[in-house]
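**Student:** For reference, the chains in residue letters:
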Amino acid sequence: MSERPLLAVRGLTKRYGERTGCVDVGFDLWPGEVIGVVGESGSGKTTILHCLSGRTAATAGSATFVQRDGTVVDLLRMPEAARRRLARTDWAMVQQNPRDGLRMSVTAGANVGEPLMALGARHYGEIRGRALDWLGQVEIPLDRIDDLPATFSGGMQQRLQIARSLVTRPRMVFMDEPTGGLDVSVQARLLDLLRGLVADLGLAAIVVTHDLAVTRLLAHRLLVMRGGEIVESGLTDQILDDPQHPYSQLLVSSVLPP
Amino acid sequence: MYVAVKGGEQAIEAAHRLLAQERRGDPAVPELSLAQIEEQLALLVDRVMAEGSLHDRELAALAIKQARGDLLEAVFLLRAYRTTLPRFGASEPIDTGSMTIRRRISATFKDLPGGQILGPTFDYTHRLLDFDLAAGADAELAGAGEPTSAPDDGEASMPRVVDLLDREGLIEAEEPDDESDPVPDLTRAPLRFPADRAARLQNLARGDEGFLLSLGYSTQRGYGRNHPFAGEIRLGDVDVELVPEELGFAVTIAAIGVTECHLVNQFRGSATAPAQFTRGYGLAFGEAERKAMVMALVDRALRGRELGETPASPAQDEEFVLYHSDNVEASGFVQHLKLPHYVDFQSELVLVRNLRAGTEPAP
Amino acid sequence: MSAYNFAYLDEQTKRMIRRAILKAIAIPGYQVPFGSREMPLSYGWGTGGVQVTASVIGPDDVLKVIDQGADDTTNAVSIRHFFARTTGVRTTTRTDEATLIQTRHRIPETPLCAGQIMVFQVPIPEPLRWLEPRETETRTMHALEEYGVMHVRLYEDITQHGRVATAYDYPVRVNGRYIMRPSPIPKFDNPKLDRSPALLLFGAGREKRIYAVPPWTPVKSLDFDDHPFTIERWEEACALCGSRESFLDEVIVDDKGGRIFVCSDTDYCGRRREHLA
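Chains as they are written, first to last, in my numbering: chain A, 1 to 258; chain B, 259 to 621; chain C, 622 to 898.
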């Protein structure tokens with residue numbers, strides 16, 4: 001087990017003019033650990049993901065990340081070229097809308113194979129083999145490998161996106177409402193799948209969601225966000241069973257019993 | 259025994275001779291003079307100058323004659339000639355505020371200082387074919403009655419509508435240019451994206467009127483609606499001034515006719531910024547109202563990005579509009595399909611035959 | 622034509638184009654934007670190639686112009702005449718005599734030598750255009766070497782057809798870095814690009830890009846290890862000279878669809894026939 005966290009975020013702040021995205025956010029993410037970030041819309045949870053993934057520039061703060069070779073980089077200050085390269089090899093993003101994370105005009109097999117090809121894979125048979133393997137892992141019928149994603153249901157598209165993002169064995173995954181937009185039974189299956197994959201692959205993950213049930217199943221620790229700030233953090237079970245901050249209490253109590 | 263086809267050279271020469279014959283047409287019919295084209299097909303000349311990016315009525319008339327009336331061929335001829343001309347420098351920006359007005363209208367106010375001057379317009383004609391014209395009655399019509407003359411002093415009495423709105427702060431201010439920034443020149447350097455407004459307006463000024471007309475029309479029908487009003491359209495003559503280095507002051511080198519259109523578009527405002535109308539701008543050589551108007555519509559649509567609008571329709575897509583507005587490029591590439599492509603076709607034939615036979619070639 | 626400068630373009634313009642060419646040579650396979658001029662030929666008909674040729678041609682050059690491999694096709698004739706009139710330079714149909722060759726859609730069968738310049742006419746320079754219509758995005762992809770999508774294209778072909786279905790303008794990797802479109806030459810000609818002794822220049826007039834492959838540069842056609850790049854082959858030989866090595870044109874000779882095959886490269890075929898006679 002490593003001595004230092006995989007990702008250490010300190011003082012992460014994003015302002016849009018006078019509006020605040022997030023303020024002074026700090027946390028550590030250890031290998032194999034899943035952190036849930038919860039709050040209502042506008043709480044700043046998605047802003048954190050956008051800053052860490054480079055989609056938007058942070059106003060202040062640091063996010064030090066330990067690369068595979070042990071060297072440390074600050075994600076918020078990396079040049080774009082280096083960050084895009086790291087994004088291909090070390091981390092992955094699962095978008096809320098799978099259409100945003102897939103190439104809709106190419107087949108399922110090509111979607112899963114592309115990250116491998118981007119890293120230099122040059123054996124068609126092997127690429128296709130790994131794609132088949134991953135389709136199996138995310139429970140997509142293997143005979144769909146040559147179909148276009150547009151012919152898939154929402155849940156299947158999401159599973160395809162997950163396969164595409166994990167095929168290069170990243171060490172860290174960002175997930176933005178991974179089950180949003182799916183109906184309840186489909187959600188449950190997907191969460192089960194995610195939990196299994198995260199455990200098998202030893203992934204570190206940051207899961208942004210407004211749905212506490214998702215965090216109960218996936219996350220080891222929780223950050224509760226409100227108005228751009230972390231109001232409470234701790235073990236998932238502790239916070240869900242015994243929330244301390246009044247806002248956390250409000251959140252937890254407003255969840256309908258299953 | 260098959261003999262390889264030869265004689266391409268002679269075929270081309272014969273084709274050129276035939277073309278010259280067809281251009282002249284029936285020798286019994288009087289030959290068109292350049293003066294006739296300049297005078298009596300003036301709007302065609304204006305359009306060729308605009309899309310040819312060269313103001314010279316006589317050369318445009320020659321191009322039209324040489325091209326047998328094919329507008330795009332004429333534009334091509336003029337552009338190719340322009341390439342060879344030496345460049346003296348850039349003129350001062352023309353002052354359309356000091357225009358000698360021949361026509362000036364506004365749809366935003368019933369009346370305004372200087373009045374609504376109809377000028378020579380098709381607008382209120384009834385589109386009935388005039389067979390008197392066919393019988394050569396034009397000479398008589400020319401003399402019939404005195405046309406109302408426009409006021410001869412343009413400056414004090416014809417303020418621009420947008421300037422009036424600007425004074426009240428009702429319309430967004432036009433950003434003054436940073437004098438040290440060179441004006442881009444699309445005829446010298448390639449267009450880069452994202453394009454700034456100067457480059458976009460240049461591209462639109464040379465752009466195909468038909469293409470821009472369709473795009474402008476599409477915005478009115480909902481593909482990127484921006485609620486346009488015709489703030490002002492004015493046409494007339496302006497002086498072109500140049501500051502020669504040796505003199506250090508401006509000299510007037512020409513007077514040219516231009517048409518200018520200011521559109522007043524969808525207002526926008528926020529909690530911090532008060533509501534203001536937005537602008538679209540069009541300018542063209544000669545009497546080219548339609549061109550100036552569609553240019554202004556598309557200009558406004560393309561400004562969506564800087565005005566915080568989400569580009570969702572073709573007219574708002576900068577790369578789509580600016581790459582495909584040049585009719586000389588478009589015509590060339592479309593028509594290049596007529597060139598021999600039999601080698602590539604042969605490659606494809608080989609491939610398709612192999613696919614159908616299911617054969618894998620030996621590497 | 623005496624009113625025009627040598628090779629039609631003014632010296633300033635030629636200098637601008639030569640600067641673009643030098644930059645292109647310094648970065649093999651990279652597309653350099655340039656201020657393409659309106660030429661007396663239509664866009665799409667070789668204005669890029671003509672501007673490159675006009676910028677490098679000198680009074681001592683010997684010029685060959687081919688289209689589809691033949692000197693006598695209409696556009697080759699037209700372009701050769703253009704240069705004859707504007708430069709007075711000697712023209713030839715013999716590949717081995719030419720110092721400068723402008724071509725559309727073929728590389729000659731006769732191997733090129735050091736000191737020769739080959740100018741290709743390019744319609745669409747951007748290899749990523751099939752997936753991404755936006756210039757802003759493709760520029761970034763080239764800069765960051767994000768070329769995964771090119772192999773996605775090959776993957777899809779193999780999935781659908783069992784093999785790569787690109788027959789011409791087959792994408793290549795230049796000097797191990799930039800991916801480039803070699804212009805619509807048949808893939809048969811791609812191997813001739815690899816470590817050619819000649820300087821290869823590519824001009825796209827309408828799209829306003831110039832790129833280059835300096836002499837002796839490795840050029841590799843994209844493929845998979847288990848689906849290697851292959852070239853076209855015919856069962857027939859050339860009906861005129863008997864060659865089994867060259868690219869063949871199919872010619873329909875009667876109403877019933879009867880056909881024969883003849884060399885596309887008219888110079889190569891003609892010389893073989895001279896030797897056989």
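I should point out that these hints are in silico values taken from the structure, not numbers from a laboratory.
Among the hints, a few may not be true.
Stated by the list, open to error - On the chain B side, residues computed to face chain C include the following (Cβ under 7 Å):
#, residue
1, Glu267
2, Ile270
3, His274
4, Arg337
5, Ala338
6, Asp390
7, Arg446
8, Phe451
9, Tyr481
10, Asn585
11, Glu587
12, Gly590
13, Leu597
14, Gln604
15, Glu606
16, Val608
Stated by the list, open to error - Cβ pair distances, simulated, as ranges:
#, chain 1, residue 1, chain 2, residue 2, range
17, B, Asp443, A, Ser41, 20 to 28 Å
18, A, Gly180, B, Arg340, 51 to 59 Å
19, A, Gly42, B, Arg455, 47 to 55 Å
20, C, Arg711, B, Thr568, 32 to 40 Å
The C-beta atom is built at its ideal place from N, Cα and C for all residues, glycine as well.
**Student:** The structure should be examined with respect to each hint, and the outcome stated for every one.
**Tutor:** How the hints compare with the structure:
The interface hint given for glutamate 267 of chain B holds, since its Cβ lies 5 Å from the closest Cβ of chain C, which is under the 7 Å cut-off. With its C-beta approaching chain C no nearer than about 6 Å, isoleucine 270 of chain B sits inside the 7 Å limit, and its interface hint holds. A hinted interface residue such as histidine 274 of chain B counts as satisfied when its beta carbon comes closer than 7 Å to some beta carbon of chain C; here the least separation is about 10 Å, so the hint is violated. Given the 7 Å rule on beta carbons, the hint for arginine 337 of chain B holds: about 4 Å separates it from the nearest Cβ of chain C.
Taking 7 Å as the C-beta contact cut-off toward chain C, the hint placing alanine 338 of chain B at the interface holds, the least distance being around 5 Å. Taking 7 Å as the C-beta cut-off, the interface hint given for aspartate 390 of chain B is violated, the closest approach to chain C being about 41 Å. Contact between arginine 446 of chain B and chain C, as hinted, is supported at the beta carbon level, the nearest pair being about 5 Å apart and thus within 7 Å. Below 7 Å, beta-carbon pairs count as interface contacts, and phenylalanine 451 of chain B has one with chain C at about 5 Å; its hint therefore holds.
Using the Cβ-Cβ criterion of 7 Å, the hint placing tyrosine 481 of chain B at the interface with chain C is not satisfied: the shortest such distance is roughly 18 Å. A hinted interface residue such as asparagine 585 of chain B counts as satisfied when its beta carbon comes closer than 7 Å to some beta carbon of chain C; here the least separation is about 10 Å, so the hint is violated. Proximity of glutamate 587 of chain B to chain C holds as hinted, the smallest CB-CB distance being about 5 Å (cut-off 7 Å). At about 3 Å, the closest approach between the beta carbon of glycine 590 of chain B and any beta carbon in chain C falls short of 7 Å, and the interface hint on this residue holds.
Using the Cβ-Cβ criterion of 7 Å, the hint placing leucine 597 of chain B at the interface with chain C is satisfied: the shortest such distance is roughly 6 Å. Because the smallest distance between the Cβ of glutamine 604 of chain B and any Cβ of chain C comes to about 6 Å, under 7 Å, the interface hint for this residue holds. A cut of 7 Å between beta carbons decides the hint on glutamate 606 of chain B: the least distance to chain C is about 5 Å, and the hint holds. With a least beta-carbon distance of about 5 Å to chain C, the hint placing valine 608 of chain B at the interface is held under the 7 Å criterion.
Distance hint check: the CB atoms of aspartate 443 of chain B and serine 41 of chain A are about 48 Å apart, inconsistent with the given range 20 to 28 Å. The hinted window of 51 to 59 Å between glycine 180 of chain A and arginine 340 of chain B holds, with their beta carbons roughly 57 Å apart. As the Cβ distance of glycine 42 of chain A to arginine 455 of chain B is approximately 34 Å, the hint placing it in 47 to 55 Å is violated. Distance hint for arginine 711 of chain C and threonine 568 of chain B: a CB-CB separation of about 59 Å, inconsistent with the stated range 32 to 40 Å.
Consistency note: the structure conflicts with the earlier hints numbered 3, 6, 9, 10, 17, 19 and 20.
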